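Given these sequences and hints, build the entire structure.
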Amino acid sequence: MDSPTTAPPVRVLIAEDEAHIRRVLRAIAAALGAQVVGEAQDGEEAVRLAAETRPHIVLLDINMPRLNGDKALQRILERDPAVIAVMMTAQDTVEAVRTCLDSGARDYILKSNRAEEIFRLLREAWPEYVREIARRGAP
Amino acid sequence: MTARRPATCPHCGARLDEPAHAADGETPAPALVRYDLEKMAQIAARENAYDETVKVRVTQEQIRRLVEKRRRKPRG
Numbered sequence: 001m002d003s004p005t006t007a008p009p010v011r012v013l014i015a016e017d018e019a020h021i022r023r024v025l026r027a028i029a030a031a032l033g034a035q036v037v038g039e040a041q042d043g044e045e046a047v048r049l050a051a052e053t054r055p056h057i058v059l060l061d062i063n064m065p066r067l068n069g070d071k072a073l074q075r076i077l078e079r080d081p082a083v084i085a086v087m088m089t090a091q092d093t094v095e096a097v098r099t100c101l102d103s104g105a106r107d108y109i110l111k112s113n114r115a116e117e118i119f120r121l122l123r124e125a126w127p128e129y130v131r132e133i134a135r136r137g138a139p
Numbered sequence: 001m002t003a004r005r006p007a008t009c010p011h012c013g014a015r016l017d018e019p020a021h022a023a024d025g026e027t028p029a030p031a032l033v034r035y036d037l038e039k040m041a042q043i044a045a046r047e048n049a050y051d052e053t054v055k056v057r058v059t060q061e062q063i064r065r066l067v068e069k070r071r072r073k074p075r076g
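As they're listed, the protein sequences go chains A and B. Using this note's numbering, read the first sequence as starting at 1 and increasing by one per residue. Using this note's numbering, read the second sequence as starting at 1 and increasing by one per residue.
If you're looking for bench data, these hints aren't it; they were derived computationally from the structure. Since we're looking at a predicted model, the values are computed, not measured. One or more hints might be untrue.
[Claimed, not checked] Where chain B lies over chain A, by a calculated footprint (3+ residues, C-beta under 8 Å):
1. 26-37
2. 109-120
[Said to hold, decoys possible] In silico DSS-like links for lysine-lysine, alpha-carbon gap of 30 Å or less:
3. B:LYS69 with B:LYS55
4. A:LYS111 with B:LYS55
5. A:LYS71 with A:LYS111
6. A:LYS111 with B:LYS73
7. A:LYS71 with B:LYS73
8. B:LYS69 with A:LYS111
9. B:LYS55 with A:LYS71
10. B:LYS73 with B:LYS55
11. B:LYS69 with A:LYS71
Ideal placement from N, C-alpha and C gives every residue a C-beta, glycine not left out.
In structure tokens:
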């Protein structure tokens with residue numbers, strides 16, 4: 001049986017250019033018992049921090065300066081395909097969703113949802129993410 | 001001095017003494033013009049279905065179903 005008390009915390013990287021959304025995501029990650037290992041304000045920084053901090057999960061915005069989240073997603077997964085990428089974006093077109101899922105995003109959450117709804121969606125998906133991390137044997 | 005009223009409609013060419021143009025103000029468009037507009041709307045709607053610039057928006061629930069469907073699909 002899994003022992004949640006002995007499992008190391010899930011490491012999360014937040015990539016979001018808007019400070020108040022980063023704050024919300026930080027609070028959600030903390031409520032889920034995750035450890036925020038980095039916060040990027042643009043796509044380039046997200047790629048760099050993903051390489052440096054080796055997160056299990058990346059919460060990734062799409063519309064970001066310097067490098068868009070969908071491009072950052074590809075570069076992060078090229079380097080480490082075990083990363084669980086959850087897109088957190090206002091982009092609600094089917095094309096954007098398909099592009100990200102095709103690139104390997106694990107989930108796609110609309111920022112237009114209320115913070116409580118975003119929390120609920122992540123809380124529901126979290127056990128599956130944790131199982132996936134354990135299955136992959138990610139450090 | 002008032003301007004002289006033309007005998008035919010400058011838009012559709014219909015005679016202005018026909019019922020559709022008889023009164024000032026809210027004049028109903030002739031059937032031919034109505035038909036053209038409806039047809040144009042139908043064509044536009046049909047062409048939009050193939051126009052890649054048309055953005056199809058999705059809800060969170062639709063995204064959830066799409067993600068689920070893809071996860072059920074075996075890889076390879």
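Comparing the hints with the structure gives:
{"no.": "1", "hint": "26-37", "in the structure": "violated (count 0)"}
{"no.": "2", "hint": "109-120", "in the structure": "holds (count 4)"}
{"no.": "3", "hint": "B:LYS69 with B:LYS55", "in the structure": "21 Å, holds"}
{"no.": "4", "hint": "A:LYS111 with B:LYS55", "in the structure": "18 Å, holds"}
{"no.": "5", "hint": "A:LYS71 with A:LYS111", "in the structure": "19 Å, holds"}
{"no.": "6", "hint": "A:LYS111 with B:LYS73", "in the structure": "27 Å, holds"}
{"no.": "7", "hint": "A:LYS71 with B:LYS73", "in the structure": "24 Å, holds"}
{"no.": "8", "hint": "B:LYS69 with A:LYS111", "in the structure": "22 Å, holds"}
{"no.": "9", "hint": "B:LYS55 with A:LYS71", "in the structure": "20 Å, holds"}
{"no.": "10", "hint": "B:LYS73 with B:LYS55", "in the structure": "25 Å, holds"}
{"no.": "11", "hint": "B:LYS69 with A:LYS71", "in the structure": "24 Å, holds"}
When held up to the earlier numbered hints, the structure conflicts with hint 1 and nothing else.
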